[in-house]
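Read off the chains here:
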Amino acid sequence: MVRIKERYLLVNIVYAPDPARAAKDNLPQCVVHHQPTLDRLTPQALLKGIRAEVASLFGDYGSGALGGSLSVKYMSLATSTFILRCPRAHYQMLWSALTFMDRVPVKDGKPCIFRVVRVSGTIRKAEEEAIRQAKKVILAAKEEASGAKSSLTSALQAQEQMSLDITDESSDEDMADG
Amino acid sequence: MYDLNIAWSPSTTPDQLLQILTLASTLGYATVALNHTLELPIPSVPAAPFPPASALTSSSSSSTPNKTLPSILHRATVPLADPAAPTFRLQTLVAAYDLVAIQPLTEKAFQSACIHLDIPLISLDLAQHFPFHFRPKNCMTAVTRGVRFEVCYAQALAADPRGRATFIGNVTNLVRATRGRGIILSSAAKDALSLRAPADVVNLLSVWGLPSEKGMLGLGALPRSVVVNEGMKRSGFRGVIDVVDVAKRDVEDQGEEAADGQAGKKNKNKGQNQKRKSGDEDTPTMSKRQAKKLKLASRGAAAEKK
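Those sequence lines, one after another, are chains A and B.
The first sequence runs 1 to 178 under the numbering used here.
The second sequence runs 1 to 306 under the numbering used here.
If we strip away everything but chain A, and leave its shape as in the complex, we get:
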């Protein structure tokens, strides 16, 4: 029996930074860039929003392809992070639909960007990545707050490089899974 191949997408919600206010409140830089989600976003609302976007982009075919097996595996409003599961064959569709979404899918949702940070074949890897990122942000924030801004702020910059590997990594995972 062959198991059904899945993809897990780790997604960050990015809000527009407000540099002027941040300067006034004297917030550390990385706190400004990783804001919590204040809207009452539930997994159901999120799924509904994604389905609507997929339907508008890919029509009936898209909704059918992603239909049953699309689900939210984990969601944290405090870190604005969630993990989605979808069939492997169609994860690019889901990803591009996320790219096209421009606000939190609730009533009067705040405008935002959905940024996919990791695509992986197992949920464990996605989880590890989420934890790693959260840790990094906390450490960087602490460091910046204490005044010494050197190594970790640059480590945070290195994290941006990470996301670029995604396309390569996912193709690697393809092989590992198959």
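Just so you know, these hints were derived from the structure itself, not from any lab.
Worth double-checking, as some hints may not be accurate.
[To be verified] Computed footprint of chain B on chain A, listed as stretches where at least three residues anywhere in the stretch have a Cβ under 8 Å from a Cβ of chain B:
id : region
1  : 9-17
2  : 86-96
3  : 101-113
We put the CB at the ideal spot given by N, CA and C, even for glycine.
Starting from the structure of chain A, add chain B where the hints point.
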């Protein structure tokens, strides 16, 4: 990562601009170009109207240090309808901006932009329908000439369903015509939230038919080559020769030479010294030869001009 198109107009407030720039650097863009779209009668002495970088940093306090902002280039986009009456002064623009792009509106303009015009970028508003289609011959000429096509994803994000469909159609046509070569991905973002992370953009374009490794090129290597090339054109002599650094003649070396000369006079008969001396004498003959070459070259150039 490069984003060669962030829309800017005189009405953009410094706050908005700062917001876009901070978000761009968060998403991983290291260099961005502010784009100013010009109206066709270009002023005889164009000046880049962008706010100086110092104005941006001063509006925020010390807690947002300068290094969080990406490095900023200035770019002008000229909409071009009729290539036959080019009263636009590209050369004067080149002096005022870091990058100059053409936005062809008609087939003729597109063709001449592909084949003749000396510009690094062709920018198209892909969200509207074109009365012509991209011919592989023109597009490939442009690509081999080093002219790049620009795909701005924010146009698709902002468009209505109809415009989105047109955009996707145009992108697939462009990819077909160029076989995915020479396509630069940029945002054309008017506000911060129409920016997207590089990986997201690459995935989006790969859904629309541009292979993802070519998409990565379009965000990294290609725009970099454009920026570096344009920088060289502006700094060096005819984009070929550039004085990078003037080597200083060491004081020590001179002193040694003088000492050597004296020593040479003292023991003239020694073969070793003779050899070294002849080596020394080689340099002036070399320079003579070079002088001759230069003379010939200049004469040739003069003849060509006539």
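Item to complete: Check each numbered hint against the structure and report the violated ones by number, ascending.
Response: Hint check: nothing fails, all pass.
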